[in-house]
Structures are given as structure tokens and as C-alpha cells.
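Trainee: Here is what each chain is made of, one letter per residue.
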Amino acid sequence: MTSVSRQDARQAVGGKPVIGGFFVIAAVAVVALYVRAILFTPLEAKQGAAQKIYYIHVPSAIGAYTAVTITALASLIYLWLKDERADRMAEASAEVGLVFMTMVLITGPLWAHKIWGAWWVWWDLRLTLSLFLWFVIVGYLVLRGAIEDPAMRGRYSAVLAVLGALLIPFIHLSVYFSMAHMHPDPVVLKPSEPSLPREMLITFLSGIGAFLLLCLALIQSRYRLGELKDEMAAVEAERGY
Amino acid sequence: MGARPPGTLSGALLIARKDLAIEFRTRTAFFSSLVFAVLALTIFYFTWDESIVTPNDRAPGVLWVVLTFSALLGLQRSFAIEEHDRGIDALLVSPISREAIYLGKAIGNLIFLCAVQAVAIPALALFYNMPVGRPLVVVSGIVFLAMVGIVAVGTLFSAMAVNTRLAELLLPMLSLPFFVPILMSAAQAAARVFAGRPVSEVGFLLKLLVAFDIVFIFACMLAFSFTLEE
Chain L
1 MTSVSRQDAR
11 QAVGGKPVIG
21 GFFVIAAVAV
31 VALYVRAILF
41 TPLEAKQGAA
51 QKIYYIHVPS
61 AIGAYTAVTI
71 TALASLIYLW
81 LKDERADRMA
91 EASAEVGLVF
101 MTMVLITGPL
111 WAHKIWGAWW
121 VWWDLRLTLS
131 LFLWFVIVGY
141 LVLRGAIEDP
151 AMRGRYSAVL
161 AVLGALLIPF
171 IHLSVYFSMA
181 HMHPDPVVLK
191 PSEPSLPREM
201 LITFLSGIGA
211 FLLLCLALIQ
221 SRYRLGELKD
231 EMAAVEAERG
241 Y
Chain Y
1 MGARPPGTLS
11 GALLIARKDL
21 AIEFRTRTAF
31 FSSLVFAVLA
41 LTIFYFTWDE
51 SIVTPNDRAP
61 GVLWVVLTFS
71 ALLGLQRSFA
81 IEEHDRGIDA
91 LLVSPISREA
101 IYLGKAIGNL
111 IFLCAVQAVA
121 IPALALFYNM
131 PVGRPLVVVS
141 GIVFLAMVGI
151 VAVGTLFSAM
161 AVNTRLAELL
171 LPMLSLPFFV
181 PILMSAAQAA
191 ARVFAGRPVS
201 EVGFLLKLLV
211 AFDIVFIFAC
221 MLAFSFTLEE
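Listed in order, the protein sequences are those of chains L and Y.
Per the numbering used here: the first sequence ends with 241, consecutive numbering throughout.
Per the numbering used here: the second sequence ends with 230, consecutive numbering throughout.
The following block holds chain L by itself, in its conformation from the complex (with noise of 0.2 Å):
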């Protein structure tokens, strides 16, 4: 079987690179937070170089519950409309959602081990919380990956994702009348002026809106890859191979 060249694949999309300009300021954005947090940002008096994991644990923790909240909304607008664009949106957020919550994860009990002593706290809300919603995308992709039928992908994956998004409400009330939780309160949201030092904060900010833009940046291009992917199966099947 021949494929499609990728020149004829390109032209098809009207030339849309797949990595575009927004992915290139979002990495340097990411690569500029790595170099204040590092360098410029001073350590803390008691948790010492442990805590400038703080400026990736938290901003990755949002961009994964932002990436899954746009899957749930894209999964909704497709159930309703049927519109192919919101499949794909849903998959590339997914998808996206699953990298940063995977750094979640790999960072968190890095942090733990060293600030609680413990590698991992099961009675955690947000632990066990994250830990589950990254098995619910898991078995999101591999239930996309399990389907032929476009069509029928779609409908079933966003059945899955609407109810996954229903399902968050259940697991943070069952942890948390269950047992204690372990995670510190919210040092910045919260009431009162922002327990952070002033620097702390502003690197601390820097990070969320530089991993922000690295996860609509990395949706983007999964999105635009899944437009490509979309159009070589077309072009492939107009022209019978």
C-alpha cells in the first residue's frame, strides 16, 4: 500500500504547519520560567531547592484540568451538534491532558517524598483525585484507539468523557468524608493577601501563564495533526488505496 506524500497531505490543509509560531513563544515561555525559577527566584527558608518544584507541580496541575475541562465541553458540544471539530478537539486536549497530568504525577511525589516523607499519600484528595482522572484518560484514548468508525468513536468517547467529568464531584466527596487530607491549603487563591513572597509569586504566576500557553500550544498542534490525519484518510480513500 502506498501512502499519501506528505507534500500532497500539506496542501490539503492549505499548508498549516503543525508546530506553528504560538508553539514557539510557549516554549520559550517555558524555557524563560525554567531560568527565573532556577536562577532568580530565591530558595525557601525551610523546604530549601525541594520547593522550586512548586512552580512546575502547580502550573502543570492547571494545565491538566484545563486541557481535561476543554475534552468534557468538546465532548458536550459534539453529543449535541455532531460537529467533527469538537471530536478532535476533545482528542487533542485529551491527549495533551495526559502529559500534564503525567508530570503531575511524576513531580508530586518527588515533592512528597522529600516535604512529607511519604512517596505517595492515598487519603490525599488531589492525589488520588488526579490519579484516577489520569486513568479515566487513559481509557479514553485507548477506547478511541479501539474503534474503527468515526462516528461511532466519537459519540462513545464523549459518552465516556462527559460522564468522566461527572464522575470528578463523586471522587473528591468520597476521599474527603472518608479520611484527613495532606496537601497544603491554597498559599495563593484565597481570602487574605497571598502568603508567597513577592518574587516567589511573580515566578510562581509566570508559571501558570507559561504552561498555560504551552498546553493550548500543544493542543493546537495536536488539533492541526488530527486535521492532517483526517485529510490523508480522505485523500487516501479518493484515490482507492
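Simulated from the structure, these hints should not be mistaken for lab results.
We treat Cβ as the ideally placed atom computed from N, Cα and C, and that holds for glycine.
Where hints are given, some of them may not hold.
Stated by the list, open to error - Cβ-Cβ distance ranges computed for the label pairs, FRET-style:
#1 Val132(Y) <-> Glu148(L): 47 to 57 Å
#2 Glu148(L) <-> Ser97(Y): 20 to 30 Å
#3 Lys18(Y) <-> Gly209(L): 56 to 66 Å
#4 Ile38(L) <-> Ile43(Y): 43 to 53 Å
#5 Val210(Y) <-> Gly209(L): 38 to 48 Å
#6 Leu166(Y) <-> Lys229(L): 17 to 27 Å
#7 Ser51(Y) <-> Pro197(L): 52 to 62 Å
#8 Arg17(Y) <-> Lys114(L): 51 to 61 Å
#9 Leu9(Y) <-> Glu84(L): 29 to 39 Å
#10 Leu92(Y) <-> Glu148(L): 14 to 24 Å
#11 Leu228(Y) <-> Val138(L): 19 to 29 Å
#12 Ala115(Y) <-> Ala234(L): 42 to 52 Å
Fit chain Y to the supplied structure of chain L, relying on the hints for placement.
Mentor: Frame of chain L; chain Y shown alone:
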């Protein structure tokens, strides 16, 4: 015979009766689930050191592990039986609403799984020397509430999994994360009841369980029609 199509509930009961009649004639799925459950109960007995953890302490844990996996085993066949001769097509052209098909399947599964547990729970009490009495009755009630939630989600995912390339391999992967809140609250509640604490202490966990059941029965019933659309 009247020409009027059956309503949702009577349609659902018809479907459930059909499934249970098929099961009652062959009894293969029932016995394999049952043997699996009892076998697992006995095998798990040897996974702890008896001198460190008493059988009474590990019984609640074993109960939930066995219950979850025997439920998955039972749920798998729910839509697999419709695949033979495309029985699902016949269901779809029948004048029974899709909500009723889902409800009927779910009721059939619930009765099936409760029948398995009706043997497995006494077997647990026997093999782990559990006190037979009020705690066991209360725990059976908690098991029932958990089963309703498991069946609500599992019936939908069973209908979805059967149409994919991975078929039965996909069901546990999709369902287990959804069983987390059920198992967490039900197992915590059951452990406390077994430990002799009053039921009022686990009231909130039970309310959460009931809320999960209600929300997911309706959500999955609505979602089910999306999985059938041709």
C-alpha cells in the same frame, strides 16, 4: 395480543425477564461467576499471615475485591449475548424505547449479581468466621447499594466495550475508575459496621452512595441512546 407498545418500565421488565430466562436455561454465566467468587474468597485467605492479620480484619477487604471482579465477569456477558445473530438489532427494531433497553439490561444484571452475592457473602462469613447477625445484614444492604452503582455504570460500558476491537478487555479499564467512589465509600462504611460502630456514623457515606446510584442511573440511561445511534 394488544398492539400498544410497552411503557418504559414494563419494557424494561420484559428485557430483564428475557435475559434472566436465557441465563436460567444455561446457567453457565451464573455458575462461572459464582465459582470464581467463592474460589477467589478462598484463595485470598492465604495472602495474609494469619498470625499478624486476623481473618476478621481482612474479610471486608476480600469482600470488595471479590465483589468487584465477579461483577465485571457478570457484566461482560450482558451485551455479549446480544452479539450472537445480532440480537441487538432485533431489540432496536422492537417498539421498546432505548431507555427501557438500558434499564432492562441493568435490572437483569442487578438480579444476576445479587444472586451471586447471595451465595458469596454467606461463604465469606463461613470461611472467615465472621459474626453472623446484624452487621452482616447491614453490610449486605451496603453491598446492594454498591451493586446498583456498579451495574448502572457497568451496563453502559459493557454495551460500549462489546462494539470495540478490544471487547471484554476494555470493560475493566473503563469501569474501574468509575467504581472508585462506590468502593471507597462502601468499603469504608462496611469496615466500620463490621468493627461494631453504629450505622449513624457512616450515614454520610451511605448518602453519597445513594447519590452516586441516582446520578449515574439517569446519566447512563441518557448516554445509552448515544451508543446505539446508527
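Trainee: All the hints need checking, so say for each whether the structure fits it.
Mentor: Now the hints, each set against the structure:
1. Checking the proposed 47 to 57 Å range against Val132(Y) and Glu148(L) shows it holds: the Cβ atoms sit about 53 Å from each other.
2. As the Cβ distance of Glu148(L) to Ser97(Y) is approximately 28 Å, the hint placing it in 20 to 30 Å holds.
3. Hint check: Lys18(Y) to Gly209(L), Cβ distance near 58 Å, so the stated range 56 to 66 Å holds.
4. Taking the beta carbon of each, Ile38(L) and Ile43(Y) are about 52 Å apart, inside 43 to 53 Å as hinted.
5. One distance hint, 38 to 48 Å for the beta-carbon pair Val210(Y) and Gly209(L), holds here, with the actual separation near 43 Å.
6. Between Leu166(Y) and Lys229(L) the beta carbons are some 21 Å apart, a value that agrees with the proposed interval 17 to 27 Å.
7. Checking the proposed 52 to 62 Å range against Ser51(Y) and Pro197(L) shows it holds: the Cβ atoms sit about 54 Å from each other.
8. Between Arg17(Y) and Lys114(L), the C-beta spacing of about 60 Å keeps the proposed range 51 to 61 Å intact.
9. Roughly 37 Å separates the CB atoms of Leu9(Y) and Glu84(L), a value that falls within the hinted 29 to 39 Å.
10. Judged by the Cβ atoms, the range 14 to 24 Å given for Leu92(Y) and Glu148(L) holds: they are separated by roughly 21 Å.
11. Separation of Leu228(Y) from Val138(L) is about 25 Å and conforms to the stated range, judged on CB atoms against 19 to 29 Å.
12. A hinted range of 42 to 52 Å for the beta carbons of Ala115(Y) and Ala234(L) is consistent with their spacing of about 51 Å.
Every hint from the earlier list agrees with this structure, and none is contradicted.
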